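2 protein chains.
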Amino acid sequence: MGTTQLETVPEPKYWHLKTVLSDALDSEFAVGEILPNERELAARFGVARATLRQALEQLELEGRLQRRRGVGTTVAPPRVGVAVDPARHTWPGAPGDDWQPIDAVESDSVPPAVARLLETAPDERVHVVRRSRVSQGQPVAAELLYVPAAAVPGCADADPLGGPARARAVLRELQERELDGQDRTVELGSARAEDAKQLDRLPGAPVLVVTTRYVSGGRTTAVAVSTYRADTCRLTFGESTAMPLLAG
Amino acid sequence: MGTTQLETVPEPKYWHLKTVLSDALDSEFAVGEILPNERELAARFGVARATLRQALEQLELEGRLQRRRGVGTTVAPPRVGVAVDPARHTWPGAPGDDWQPIDAVESDSVPPAVARLLETAPDERVHVVRRSRVSQGQPVAAELLYVPAAAVPGCADADPLGGPARARAVLRELQERELDGQDRTVELGSARAEDAKQLDRLPGAPVLVVTTRYVSGGRTTAVAVSTYRADTCRLTFGESTAMPLLAG
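Protein chains in written order, with my numbering: chain A, 34 to 281; chain B, 34 to 281.
Simulated from the structure, these hints should not be mistaken for laboratory data. Some hints could be false.
[Unchecked claim] Label-pair restraints from in silico Cβ distances:
id, chain 1, residue 1, chain 2, residue 2, range
1, B, Asp136, A, Glu139, 54 to 64 Å
2, B, Ala146, A, Arg101, 24 to 34 Å
3, A, Arg72, B, Glu211, 33 to 43 Å
4, B, Asp130, A, Pro186, 43 to 53 Å
5, B, Gly105, A, Arg72, 30 to 40 Å
6, B, Phe78, A, Gln208, 40 to 50 Å
7, B, Asp59, A, Asp130, 32 to 42 Å
8, A, Arg101, B, Asp56, 28 to 38 Å
9, B, Gln133, A, Pro186, 44 to 54 Å
10, A, Pro197, B, Ala146, 35 to 45 Å
[Said to hold, decoys possible] Covered stretches of chain B (chain A as the covering partner; in silico rule of three or more C-beta atoms under 8 Å from a C-beta of chain A):
id, stretch
11, 47-59
12, 94-104
13, 172-179
Because the structure is a prediction, the values reported are computed rather than measured. We treat Cβ as the ideally placed atom computed from N, Cα and C, and that holds for glycine.
Next comes chain A alone, as it looks inside the complex (with noise of 0.2 Å):
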């Protein structure tokens, strides 16, 4: 699309030069290139600074550019296309998931979100596995997954297990339970600190947070909150193994 075809639209200054830096993205720059430093670029577009790092978080919103401390502001691949909806409806940890578990703690505090679909008393103990997610390399995600402990009473035996262990007991569990179904949430966040160390990325940045509801019995036994980071995922919900899912 043309610049011309929003002339009708009452348009922010920022918002132009977006669309302008953007072409000249595509045309000029290479994927991983860096670009010229704030004061460079501003002269050159002839455009005030504050304009100019709007017009680049923009960018960055959308996943064009990369800004890293110590880098400088780099020109984004293309984004990588992560499976959220995997065909057959399976407990975390089942075969072929792709998460790596971290540790488990048990806890009586969770965040009141979580608290409110497990229906958990307020002093009830959970188990908070950690786990991340690995694509083509880089860390694409971090999550939470809590599980009540009356919903895997084995792994009482379990805390004189350290990190990955205790997780794994606390998915094999979960595995031996019927699973009824199991629904989602997308919402933008804001990566907490732990999340975003473990994403490479400063805490508040820009993520995806899909909670998942897993339901078994009647009554929801287990609550992932998966983060994954906005600027280099595309989420992808197939229907069915059958059909290829969108190209990445």
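Based on the hints, put chain B in the right spot on chain A.
Only chain B this time, still in chain A's reference frame:
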């Protein structure tokens, strides 16, 4: 989670302030209430205006605050759950669809990403149907539905019809085809000027972009690019109507 848990992680000042502000929102402010201006807030929390602004941006990303020109910063209501993945997989415009057709034009220039999915030739005619979605009285999403003219040959007659009638003619002819399946991607984007207007936002506001591919007769027959307000929407994906979706 209290702020103490975060102290082992190096956190930027705005991130700590965000946590403090978030607690203040919970305890001192009601939904819709206007926050004090930036100068007053910066003074109250003893931070620089730039730090305050970063924290406010975080809270806006998380859907806690809304900033509107001429009104100021208000406490946002909880996000609205919007179903994206109806249990019945149907063509757009099927009964029960809550999108409203606005108009349709025939075009020979579609965005390159859409042309790739549709596998259309560079000069092939494509119907572009504009639709909008309203939830609980608020505009929540704007959509452009791309249908190659060759897929709905009967709509050549629809040319003399104006606006919504023409859009409905395209949708009606789609319904007559067998739908093999559909898949979707969700990613972060920034609102195009036109969509922003429809969504009552500024161009460039963060949006969730849902791209749906409809497959019929073994090929992609339609592509919908739906732009949801990221500040007010939480997208819900359900497995079956038998299971209630995550509560709004």
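Structure-based check of all given hints:
Take Asp136/B and Glu139/A: their Cβ atoms lie about 57 Å apart, and the range 54 to 64 Å holds. Between Ala146/B and Arg101/A the C-beta distance comes to about 25 Å, which sits within the given range of 24 to 34 Å. With their beta carbons about 58 Å apart, Arg72/A and Glu211/B fall outside the hinted range of 33 to 43 Å. Distance hint for Asp130/B and Pro186/A: a CB-CB separation of about 45 Å, consistent with the stated range 43 to 53 Å.
Hint check: Gly105/B to Arg72/A, Cβ distance near 33 Å, so the stated range 30 to 40 Å holds. At about 48 Å, the beta-carbon gap between Phe78/B and Gln208/A stays in the expected band of 40 to 50 Å. Checked against the given bound of 32 to 42 Å, the beta carbons of Asp59/B and Asp130/A, roughly 35 Å apart, stay inside it. Our hint of 28 to 38 Å for Arg101/A and Asp56/B holds, since their Cβ atoms are close to 31 Å apart.
Gln133/B and Pro186/A have their C-beta atoms about 51 Å apart, which keeps the hinted 44 to 54 Å range intact. Taken as a hint, the range 35 to 45 Å holds for the pair Pro197/A and Ala146/B, whose Cβ atoms sit roughly 39 Å apart. Coverage of the stretch 47-59 of chain B by chain A holds in this model, with 3 residues showing a Cβ closer than 8 Å to a Cβ of that chain against a need of three. For the stretch 94-104 of chain B, the assignment as covered by chain A holds, since 3 residues bring a beta-carbon within under 8 Å of that chain's beta-carbons and 3 suffice.
Residue count for the stretch 172-179 of chain B with a Cβ under 8 Å from a Cβ of chain A: 0. That is fewer than the three needed, and the coverage hint is violated.
Against the hints set out earlier in the document, violations occur for numbers 3, 13.
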